[in-house]
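Student: Single-letter residue listing:
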Amino acid sequence: MNIVVCINHVPDTETKVKVGSDGKSIDQAGVNYMLNPYDEFAIEAALQLKEKHGGQTLVVSLGGDAHKETLRKALAMGIEKAVLLKDTSVRDSFSIAKALAEELRAISPDCILFGKQSIDYYDEQIPGLVAEFLGMPSVSVVVKLDVKDGTVMCEREIEGGHEIVETRLPAVISAQKGLNEPRYPSLKGIMAAKTKPIEERQPAIVPPFVEVIGMNKPPGKQPGKIVGTDKSAVPELIRLLHEEAKVI
Amino acid sequence: MKILAFAEQREGKFKKSAFEVTQAARRIADKLTAELITLVIGDNIEHILPELRMYGANRVLAAQDTRLQYYSTTAYAKIVAQVAQQEQAMLLFLPASQMGKDLAPRIAAKLSAGVAADSVALRVENGDLIATRPVYAGKAMIDVRITSPIKLFTLRPNVFTAVAGNGAAIAVEKVSIQLDDVDFAAKVTGVKLTEGRPDVTEASIIVSGGRGLKGPENFHLVEKLADVLGAAVGASRAVVDAGWRPHDEQVGQTGKTVSPTLYIACGISGAVQHLAGMSTSKYIVAINKDKDAPIFQVADYGVVADVFEILPTLTEELKKTLGK
Ligand SMILES: Cc1cc2nc3c(=O)[nH]c(=O)nc-3n(C[C@H](O)[C@H](O)[C@H](O)COP(=O)(O)OP(=O)(O)OC[C@H]3O[C@@H](n4cnc5c(N)ncnc54)[C@H](O)[C@@H]3O)c2cc1C
Ligand SMILES: Nc1ncnc2c1ncn2[C@@H]1O[C@H](COP(=O)(O)O)[C@@H](O)[C@H]1O
Numbered sequence: 001m002n003i004v005v006c007i008n009h010v011p012d013t014e015t016k017v018k019v020g021s022d023g024k025s026i027d028q029a030g031v032n033y034m035l036n037p038y039d040e041f042a043i044e045a046a047l048q049l050k051e052k053h054g055g056q057t058l059v060v061s062l063g064g065d066a067h068k069e070t071l072r073k074a075l076a077m078g079i080e081k082a083v084l085l086k087d088t089s090v091r092d093s094f095s096i097a098k099a100l101a102e103e104l105r106a107i108s109p110d111c112i113l114f115g116k117q118s119i120d121y122y123d124e125q126i127p128g129l130v131a132e133f134l135g136m137p138s139v140s141v142v143v144k145l146d147v148k149d150g151t152v153m154c155e156r157e158i159e160g161g162h163e164i165v166e167t168r169l170p171a172v173i174s175a176q177k178g179l180n181e182p183r184y185p186s187l188k189g190i191m192a193a194k195t196k197p198i199e200e201r202q203p204a205i206v207p208p209f210v211e212v213i214g215m216n217k218p219p220g221k222q223p224g225k226i227v228g229t230d231k232s233a234v235p236e237l238i239r240l241l242h243e244e245a246k247v248i
Numbered sequence: 249m250k251i252l253a254f255a256e257q258r259e260g261k262f263k264k265s266a267f268e269v270t271q272a273a274r275r276i277a278d279k280l281t282a283e284l285i286t287l288v289i290g291d292n293i294e295h296i297l298p299e300l301r302m303y304g305a306n307r308v309l310a311a312q313d314t315r316l317q318y319y320s321t322t323a324y325a326k327i328v329a330q331v332a333q334q335e336q337a338m339l340l341f342l343p344a345s346q347m348g349k350d351l352a353p354r355i356a357a358k359l360s361a362g363v364a365a366d367s368v369a370l371r372v373e374n375g376d377l378i379a380t381r382p383v384y385a386g387k388a389m390i391d392v393r394i395t396s397p398i399k400l401f402t403l404r405p406n407v408f409t410a411v412a413g414n415g416a417a418i419a420v421e422k423v424s425i426q427l428d429d430v431d432f433a434a435k436v437t438g439v440k441l442t443e444g445r446p447d448v449t450e451a452s453i454i455v456s457g458g459r460g461l462k463g464p465e466n467f468h469l470v471e472k473l474a475d476v477l478g479a480a481v482g483a484s485r486a487v488v489d490a491g492w493r494p495h496d497e498q499v500g501q502t503g504k505t506v507s508p509t510l511y512i513a514c515g516i517s518g519a520v521q522h523l524a525g526m527s528t529s530k531y532i533v534a535i536n537k538d539k540d541a542p543i544f545q546v547a548d549y550g551v552v553a554d555v556f557e558i559l560p561t562l563t564e565e566l567k568k569t570l571g572k
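From first to last, the protein sequence lines stand for chains A and B. The first sequence begins at 1 in our numbering and counts up by one. The second sequence begins at 249 in our numbering and counts up by one.
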């Protein structure tokens, strides 16, 4: 099986966000980046598929040189090959998905895995866009995945339950937390990743469709009142919720 | 100009988001003097369509087919995109629900449209529709303008409140779109629903528990309070990773983003990653024995005490107040 995982490089979750001088993006000073957490589940799923069915694994990321760090992490986890589509000009989902789709069309994989979402812009667009560009079926937000004789059985998360979905390869899958337990890169894996080459290519980029016109910090919340320090606070808490907040 | 609103239903019942999306689209249609069309897709949906009129719909298009009993990404996307094209709708509104988030990119690719995902506010500026959306887990908000001719917006559930009005009469039209087997290339064969409590993303009240509960065996305290309030049960990542609670209850940066009217955090410290998922809740109550826990920085009402003391009392007192 020919398996490709698309991965993103995002600010880590501890990042204190400051609006940058352009007023449209974050101040990069002191920001650490990491492999997008959901993409770890996608990488793990790819490795498990390969272990079960054989085949090749490849990771692709579109971004600047910094994305190599994230590609290396995937290689350290056990992915065999990496491609960097080198571009720093866009961050629009449509443009990125188009470029990824063009690259993937040339590779014609049996299975394309994504994380369900990037935790920087929270778009949750790229897997669906790529699937549509390639004319492939897709299942998003997958928490259970099994492939047998070219048939893909999935469970995807919906509000208050799961949908059971069946499709055929080639297909696009986006991974949700709960799908698996991503492995830690082994020392051997980390060493091996250092010498694996990362192929670089220049993608063709279509102009973006979404323009950011401003970034703001959300209105800060004032700490409220401490109602009490033992169970004698309970009647007052209920009164406040009922009469002041009017939420119960 | 025409605006197309997608009203989500499952199993012959509208989701609350259907009303939110319809009414939000109505407001924008009025501002832009545009015509609003509301689209409903499914099987056995005729009887629910009149409900939409209370939220400002007047032209309702219904796409019915027995094969649409369950959601289908490709079939639904085909219908929405074709209706948009036939009607020449320029603005499309969908809920940022699991269905809407799955559909939006498919439709966007078909119509070469930009998407403002998970919008929490909309405003008209010089004839342009500007959407505000949270990024970096709610640590910042961006205002975006879509530059493609056709524009898609997904609206975060629970944020655009829908208020039922009297409403005028509605005209229902049947949509006839040819569906082929390839449109069901990925096929939903069944749905497993977790019985009982609402989902965290849809609930108006959430009672969440963290490591302060000490073990999975104590979560009945959280569940009982939730049940008295008709609330959903949420959890911190610490307790999900420990296997005390299922993944779909996790609230936070790598869990669900929620905006209920009331969020009750029990024995949760309030790490940045947790706050990221719930800080837009209208009212936040924190019960934590550490007065310096960061959760108190965002709580409207705090109780600095032991959850094992507060939760049973709170549940009992609420039962009395709410007459249960
Ligand atoms: C990449 C990444 C992503 C993450 N994503 C998420 C996410 O999506 N959601 C999330 O929640 N976390 C997330 N985290 C984890 C987060 O950093 C915290 O570790 C986690 O939220 C802590 O959970 P907690 O509050 O239950 O536990 P703790 O931090 O251990 O807090 C327990 C609290 O309970 C209080 N307590 C203890 N006993 C009692 C008692 N008897 N009565 C009252 N109070 C008591 C304590 O004072 C303490 O404040 C993420 C972390 C990383 C690195
Ligand atoms: N720049 C990128 N390069 C490769 N894959 C990406 C990129 N950005 C996002 N993805 C993939 O698309 C998924 C969804 O991202 P998004 O649509 O940005 O929320 C991520 O989890 C990644 O798997």
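Fair warning: there could be bad hints in the mix.
To be verified - From the structure, some residues in chain A lie toward chain B, with a derived Cβ separation under 10 angstroms:
id, residue
1, 1
2, 101
3, 229
4, 235
Unchecked claim - So the derived label-pair ranges between C-beta atoms look like this:
id, chain 1, residue 1, chain 2, residue 2, range
5, B, 360, A, 31, 53 to 63 angstroms
6, B, 291, A, 149, 39 to 49 angstroms
7, B, 369, A, 230, 33 to 43 angstroms
8, B, 489, A, 66, 47 to 57 angstroms
9, B, 260, A, 217, 25 to 35 angstroms
10, B, 294, A, 243, 21 to 31 angstroms
11, B, 489, A, 88, 27 to 37 angstroms
Hints listed in this document are in silico derivations from the structure and should not be mistaken for laboratory results. Don't be surprised by glycine CBs; every beta carbon is placed ideally from N, CA and C.
Student: Each hint: holds or not?
Tutor: Going through the hints against the structure:
1. 1: For residue 1 of chain A, the interface hint is violated, since the closest Cβ of chain B sits about 18 angstroms away, which is over 10 angstroms.
2. 101: Holds, about 9 angstroms.
3. 229: holds (5 angstroms)
4. 235: With a minimum Cβ separation of about 6 angstroms from chain B (threshold 10 angstroms), the hint on residue 235 of chain A holds.
5. B/360 x A/31: 53 to 63 angstroms: violated (33 angstroms)
6. B/291 x A/149: 39 to 49 angstroms: Violated: the Cβ-Cβ distance is about 30 angstroms, outside 39 to 49 angstroms.
7. B/369 x A/230: 33 to 43 angstroms: With Cβ atoms ~40 angstroms apart, the hint holds.
8. B/489 x A/66: 47 to 57 angstroms: Given range 47 to 57 angstroms: violated, Cβ gap about 28 angstroms.
9. B/260 x A/217: 25 to 35 angstroms: Hint violated: Cβ distance 43 angstroms, outside 25 to 35 angstroms.
10. B/294 x A/243: 21 to 31 angstroms: Violated: the Cβ-Cβ distance is about 43 angstroms, outside 21 to 31 angstroms.
11. B/489 x A/88: 27 to 37 angstroms: holds (34 angstroms)
Of the numbered hints stated above, those contradicted by the structure are hints 1, 5, 6, 8, 9 and 10, listed in ascending order.
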